[in-house]
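Chemist: Full structure from sequences and hints, please.
Chains as they are written, first to last, in my numbering: chain A, 1 to 51; chain B, 52 to 298; chain C, 299 to 526.
Treat the hints with caution; some may be incorrect.
So the derived list for chain C, only partly shown, Cβ under 7 Å to chain B, looks like this [what the hints assert, rightly or not]:
1. P386
2. A462
3. M474
Keep in mind that the hints were calculated from the coordinates and are not lab data. Here a beta-carbon is modelled for each residue, glycine too, at the ideal position from N, C-alpha and C.
Here is what each chain is made of, one letter per residue.
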Amino acid sequence: MEESNLKFIIAAYSVSWLVILGYLARLVRKGSRARADYDLMSQEIPGGGPQ
Amino acid sequence: MSSKPDDQLMLDSGLSSETRTAPPPRTSVLFGFIAFAALIAAQVFSILTSPAEGDMGHLQKIMYVHVPAAWMAFISFFVVLAFSVRYLWQKRENDDLLAASAAEVGATFTGLTLMLGMIWGRPAWGVWWVWDARLTSTLVLFLIFVGYLALRAFVDDAEQRARWSAAVGAIGAINVPIVYMSVKWWRTLHQPPSSPATLDPAYTMGLRLNAIALLLVTIYFIRKRYEIARLERAVEHLAEAAAMGGK
Amino acid sequence: MAWEDDWRRVRAIAKKDLTTELRAKAGFNGVASLAVTILILLGLALGPDADALRNAAVGAVWLATLFSGVLAFNRSFQVELESGALEPLLLYPGPRWTIFAGKLLANFTFVSLMVAIVMAAGIVLFGITIPARWPMILAVVALGVVGLVVLGTFYASMASRSRAREVLLPLLLFPMLVPVLLAATTASKALLGADLMHEAGAWTRLLIGYDLVFLIATFIAFEHVIEA
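Modeler: Put into C-alpha cells, the structure is as follows:
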C-alpha cells in the first residue's frame, strides 16, 4: 500500500515543479523578448520614453 | 479605431505620454531566487519532518503543494476582482494589466490544484474525480479564468479589452461563492459528504511554511507578468506615437 | 415622464428585436428545430432504456435549451452589428440600460417559447408523466430561463462583437450557469417525483437570489460594456 502511494507522491511533486518551472521559463522568455522589443522601439522613436 | 483626439485619450487613461511609454521597473531577480529557495526549503523541511499516517503512508505530503496552490489560486482571483473593479472605477490602464497578470498566474495555480487533487484522490478515494464542492468549484473557477483570458485574446482594441475584461472579471467573481454553495447542496442532499481532506495538526507548521513560500513565488510571478504586460503595452504606445507623429 | 419615455424605449427595442427574429428565416424556427434535434440526439445517446431516459429527461431538456440558447443570444446583437446600427442606437438620446432591458425582454420571450416546445418534446420523447404540481415546475423553469437570459444577453453583448464569437459566448457563459443548471434540474426532478426532502423550495430560493443578484450586476456592468 505504502509503496504504490510513493508513486503518486513522486508524480505530484514532479507535476508541481514541472508546472512552476515551466511557467517561470515562459515568463523569462517572454520577459527578455518584451525588454528587447521595448529597447529597440524606444531607440527608434526620438522623444519616446524618458530621455 | 476611436475617433477621439490623442490628448483626450491620454487624459482619459489617466497617464501622461511619458508614463505610458516609460519602462516599468525590473522585477528583482534576487527576490525570485529567494522565493524559489524558500519553496525548496519549505518542501524539504515538511517532507522530512512529517510523520507517516495510517495506511495512507506519506500520501498526505501532497497536501503541502495542493493546499497552498489552491490558496494562491483564490488570492490571485481576489487580485483580479479588486483591480477589475478599480479599473471600472478609475479607468487606469495599469490596473487592467495587473488584473490580467493575476488572472494568468491564477489560472496556472488553479490548473495545478486540480491536477494535484486528482493525483491525491486516486489512491485516497480510488477514483480520479469526485463531484464534491471543493473540486467542482475549483474546476468552475478554472473555467472562469480561461474564459477571461480567452476574451482578452479575442479582443483587439486595448480599451475595449480592458473594460470588457474588468466587467467579466467582476461578474465572474460574484459567481464563485454561489457555485460553491450550490454544488455543496447538490452533494449533501443526495449522498453522504465525502470526507474532506482535513489535515492532522502535525502538518500545520509545514503547511504554513509552504504557503508562505508559495506566496512569495506567486508575488514574483505576478510582478514579472505585470512587467511584461507593461512593456508590451508601452511598445504599442510607442508604435502609435510613431504612426501619428511620423512623416 | 422620463420613466415613461424609458419604458417606451425598452418596449420599442424589445418589439424590434422580436419582430426581426420571428420574421427572419433562420430565426425562431431554426433555433427551436435545433433544440429539438439536440433533444432527439440526447435521447438516442442515453436510451433506449425507458427508466434511464426518464431519469435523464430534465437534464436533457436543459442542455438542449442551453446549447440552442447561445445561438439566440448572439443573434440578438447580430442585427445591429450587420447593419452597423449599434453606434446610432448608442448616440440616440436615452439611458443605456433601456437597450439592455429591451433585449432582455425580447430574449426572454424568445427563449420561453423555445423552452415550451422543448419541454413538450421532452415529455413525449422521454416518457414523462405530468405530475399534479406542474405549475411549480413551470415556475422553476421560468426562473431558470431568467437567469439564462440575463447572463446570456450580457455576455453576448461582448462576444458578438469579438472574434470567435461562437466559441467565446459558451466559454464565458456556461461556467456562470452552473448554479442555474444545478438548481433548475434538481428542483424539477424533485417536483416530478415526490420531493421527499422538500428541497424544491430551497433551490427555488437560490434561483430567485441568483436572478436578482445578476440582474442588478449586469445592469450596472452593461454601461461599461456597451460602448463601441
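Chemist: All hints, please: hold or fail.
Modeler: Taking the hints in turn, this is what the structure says about them:
1. P386: This interface hint is violated because 15 Å lies over the 7 Å limit.
2. A462: With a minimum Cβ separation of about 5 Å from chain B (threshold 7 Å), the hint on A462/C holds.
3. M474: Where the cut-off is 7 Å and the nearest Cβ of chain B is about 5 Å from M474/C, the hint holds.
Violation of the numbered hints given earlier is confined to hint 1; every other hint is satisfied by the structure.
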